[in-house]
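Colleague: Position chain B against the provided structure of chain A, taking the given hints into account.
Chain by chain, the residues run as shown.
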Amino acid sequence: MAVIEVHDLQRRFGSVQAVRGVNFEVKEGEIFAFLGPNGAGKSTTISMLATLLHPTAGTAKVAGFDIVREPDRVRHSIGIVFQDPTLDDRLTAEENLQFHALLYNVDSRIVKERVPKLLEMVELLDRRKSLVRTFSGGMKRRLEIARGLLHHPKVLFLDEPTIGLDPQTRARIWEYVRGLRDQEGITVFMTTHYMDEAEVCDRIAVIDHGQIVALGTPSELKALVGGDVITLAANDQEKARQFIAAQYGEPIVTPSGLQFEVTGGETIIPELVARCPTPVRAISLRKPTLDDVFLKLTGREIRDEPPQNHRPRMARIHGGR
Amino acid sequence: MGAAATRAIYTIWLRDVKRFFRERSRILGMLLQPILFLVLVGNGIASSFQMAGAPAGFNYLEFMFPGIVGMTVLFSSVFSAMSVVWDREFGFLKEVVVAPVPRWTLAIGKALGGSTTAMIQGAIILIVAPLAGISLSLATVLKILVLLFVISLALASLGLVIAANLSSMEGFQIIMNFLIMPMFFLSGALFPLKNVATWMAVLTKIDPLTYGVDALRHVFYGQSALGSLLIQFPILTDLAVVILIGAVLLTAATVSFNRTA
Chain A
8 MAVIEVHDLQ
18 RRFGSVQAVR
28 GVNFEVKEGE
38 IFAFLGPNGA
48 GKSTTISMLA
58 TLLHPTAGTA
68 KVAGFDIVRE
78 PDRVRHSIGI
88 VFQDPTLDDR
98 LTAEENLQFH
108 ALLYNVDSRI
118 VKERVPKLLE
128 MVELLDRRKS
138 LVRTFSGGMK
148 RRLEIARGLL
158 HHPKVLFLDE
168 PTIGLDPQTR
178 ARIWEYVRGL
188 RDQEGITVFM
198 TTHYMDEAEV
208 CDRIAVIDHG
218 QIVALGTPSE
228 LKALVGGDVI
238 TLAANDQEKA
248 RQFIAAQYGE
258 PIVTPSGLQF
268 EVTGGETIIP
278 ELVARCPTPV
288 RAISLRKPTL
298 DDVFLKLTGR
308 EIRDEPPQNH
318 RPRMARIHGG
328 R
Chain B
95 MGAAATRAIY
105 TIWLRDVKRF
115 FRERSRILGM
125 LLQPILFLVL
135 VGNGIASSFQ
145 MAGAPAGFNY
155 LEFMFPGIVG
165 MTVLFSSVFS
175 AMSVVWDREF
185 GFLKEVVVAP
195 VPRWTLAIGK
205 ALGGSTTAMI
215 QGAIILIVAP
225 LAGISLSLAT
235 VLKILVLLFV
245 ISLALASLGL
255 VIAANLSSME
265 GFQIIMNFLI
275 MPMFFLSGAL
285 FPLKNVATWM
295 AVLTKIDPLT
305 YGVDALRHVF
315 YGQSALGSLL
325 IQFPILTDLA
335 VVILIGAVLL
345 TAATVSFNRT
355 A
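Residue numbers (our numbering), protein chains in the order written: chain A, 8 to 328; chain B, 95 to 355.
Chain A on its own, in the form it takes in the complex (with noise of 0.2 Å):
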């Protein structure tokens, strides 16, 4: 059963158009991610779907309710994450959420028995008096996190969830998530431009400029890559580039060299090592990643700032829908 429909959802500001109509559904206990550079329309997607933003075009149902229509509805049925911290930091964490259960009209029976339980999942049930501002930036995101499962949202929207976190938070935090998922049913959606972190997602979306580029299971977006990835560095890096050109494929130019794509790289490096008309200084050969999905869609890297006038390349898997 879908969760979250969504049709043709557009956003332009002024003159620039933020989100270019997208299509796809996510499916309930999904743990599905929109995974693209800074400013490709996730964080805008995100707004418009928790109704804080309207779409210029298109619609969009969360658990079944109009994002436009049925506001008040879908608000009660979503718990949101944003990449800023939304706490008052000068009240306590279980001030922090009591005032959410205000806010959301929980019932103070629920809330006694919930708070207590939330706090623990997210280890803060000991510094549940504190004051929010003496937490540091992982406490505060899995503060927010317990917070915004308070009022048993159906769908979890995290923006960016573990953006500015250490590698052991950013780790807690994703056991937080799939264990939610496991137990209480919960469907979250996520943003990130961690290839990492998508990579443990059921479904990612890739966004880039406003569309969907592709969209599917990890394993099958990595398909799309087809084989091994070998990077090269040669001497004469034009030399290298023809010769790969008419043996492989055109090469994709990273800064650490040349990159392309075979299948069964293990017994094609002697030979291309042996036959290259430069001599290699470097090469390297491993599985696909999702950074090497979203460099053969969009011809950039995901951190690199995106250049003017570009046209992303379709490629679905499986349409949105």
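These aren't lab readings, by the way, just hints derived from the structure by calculation. Mixed in with the good hints, there may be bad ones.
Pairs of lysine-lysine, DSBU-like flavour, derived with a Cα cap of 35 Å [as the list claims (entries may be wrong)]: (1) K246/A - K229/A; (2) K34/A - K124/A; (3) K124/A - K136/A; (4) K299/B - K237/B; (5) K68/A - K34/A; (6) K288/B - K119/A; (7) K229/A - K34/A; (8) K112/B - K188/B; (9) K136/A - K112/B; (10) K119/A - K136/A; (11) K294/A - K34/A; (12) K119/A - K68/A; (13) K34/A - K119/A; (14) K68/A - K188/B; (15) K288/B - K124/A; (16) K229/A - K68/A; (17) K299/B - K288/B; (18) K237/B - K112/B; (19) K136/A - K188/B; (20) K237/B - K34/A; (21) K188/B - K124/A; (22) K68/A - K124/A; (23) K288/B - K237/B; (24) K119/A - K112/B.
Rough simulated footprint, nothing fancy, chain B against chain A, three-plus residues with beta-carbon under 8 Å [what the hints assert, rightly or not]: (25) 79 to 88; (26) 95 to 103; (27) 189 to 197.
Beta carbons are placed, not taken as given, at the ideal position from N, Cα and C, and that holds for glycine.
Modeller: What follows is chain B alone, placed relative to chain A:
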């Protein structure tokens, strides 16, 4: 007004009140300022100031005290209402904005929170009334509290209207210097307005705080000889102006929060 809206207003009010009692240094700072005014400015002016037609034994501090109470609620309510700009910058506002409650409740909750805390601060100043040679009966204190709440609500609404049109806290100093300070000076808090030049008299009459301070003097002096000398307008005029301005500003605040927040 639905249950959701009432709850939201209560939540936002409660947050302001809780934070108020937690920030002891802020309370202390806001209490010290009026006491400084009273002790240093008040005594300084008292030593050289002679009011025309003042009864024998008239004490300038007695005149100034209601003005200082007015000053306290002015700064406190405007400041706490404008803190919504911080909430916007540091995120908490977003938590309210994504909640299933109407946005205008934020304006009402903030206005009530700001006026409650301002009223409490004004009330605390009353403790030092004996310093100014004023003794207050319990009934008078209660009347003053009600009046302070009404005045603060109007001033907090003014703060909200400003905040809704301010994108960052950078404009705060300008507002303080060019709006709030003149409002204080022109309100008659520090000097009687009866004999000021015409241009200034016009300004004092469009200053809502003038009516608030005047109403306070009604309650402070009652029917005494000092009262008839220092009071400018009938109490009903004062109340009508404060309530009307408050209602207009609060409406404007709710409208602009519905639009911008």
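Colleague: Run every hint past the structure and note whether it holds.
Modeller: Verification of the supplied hints:
Distance hint between K246/A and K229/A is fulfilled; the C-alpha atoms sit about 29 Å from each other, no more than 35 Å. Simply put, K34/A and K124/A have alpha-carbon atoms about 27 Å apart, close enough for the 35 Å limit, and the pair holds. Taking the CA atoms of K124/A and K136/A, the gap is about 15 Å. The hint holds against a cut of 35 Å. At roughly 24 Å between alpha-carbon atoms, K299/B and K237/B fall within 35 Å of each other, so this suggested pair holds.
For a cut-off of 35 Å, the pair hint linking K68/A to K34/A stands: about 12 Å separates their Cα positions. Of the pairs offered as hints, the one joining K288/B and K119/A is violated, with about 60 Å between alpha carbons and a cut-off of 35 Å exceeded. Restraint check for K229/A and K34/A: the C-alpha separation of about 21 Å stays at or below 35 Å, so the hint holds. Proposed proximity of K112/B and K188/B is supported: the alpha carbons are some 19 Å apart, at most 35 Å.
Restraint check for K136/A and K112/B: the C-alpha separation of about 14 Å stays at or below 35 Å, so the hint holds. The straight-line distance between the Cα atoms of K119/A and K136/A is roughly 15 Å, inside the 35 Å bound, and the hint therefore holds. For the hint pairing K294/A with K34/A, the CA-to-CA distance comes to about 29 Å; that is within 35 Å, so the pair holds. About 32 Å separates the Cα atoms of K119/A and K68/A, which keeps this hinted pair within 35 Å; it holds.
Of the pairs offered as hints, the one joining K34/A and K119/A holds, with about 31 Å between alpha carbons and a cut-off of 35 Å not exceeded. The hinted pair formed by K68/A and K188/B meets the criterion: a straight-line CA distance of about 22 Å does not exceed 35 Å. Using a Cα cut-off of 35 Å, the hinted pair K288/B and K124/A is violated, with the two alpha carbons roughly 65 Å apart. For the hint linking K229/A to K68/A, the alpha-carbon distance of about 29 Å falls within 35 Å, and the restraint holds.
Restraint check for K299/B and K288/B: satisfied, since their Cα atoms lie roughly 11 Å apart, inside the 35 Å limit. Between K237/B and K112/B, the direct Cα distance comes to roughly 25 Å. Compliance with the 35 Å bound is thereby established for this hinted pair. Distance hint between K136/A and K188/B is fulfilled; the C-alpha atoms sit about 23 Å from each other, no more than 35 Å. The hinted pair formed by K237/B and K34/A fails the criterion: a straight-line CA distance of about 61 Å is larger than 35 Å.
Between K188/B and K124/A, the direct Cα distance comes to roughly 25 Å. Compliance with the 35 Å bound is thereby established for this hinted pair. Taken as a hint, the K68/A and K124/A pair is honoured in the structure, with Cα atoms around 30 Å apart against an allowance of 35 Å. For the hint linking K288/B to K237/B, the alpha-carbon distance of about 25 Å falls within 35 Å, and the restraint holds. At most 35 Å may separate the alpha-carbon atoms for a hinted pair to count; K119/A and K112/B meet this at roughly 20 Å.
Three residues within the 8 Å Cβ limit are the bar, and the stretch 79 to 88 of chain A against chain B gives 5, so the coverage statement holds. Using a Cβ-Cβ cut-off of 8 Å, 5 residues of the stretch 95 to 103 of chain A lie near chain B, which meets the minimum of three, so the contact claim holds. For the stretch 189 to 197 of chain A, the stated coverage by chain B is violated: 0 residues have a C-beta nearer than 8 Å to a C-beta of that chain, whereas at least 3 were required.
In summary, the structure is inconsistent with hints 6, 15, 20, 27 from the numbered list given earlier, while agreeing with the others.
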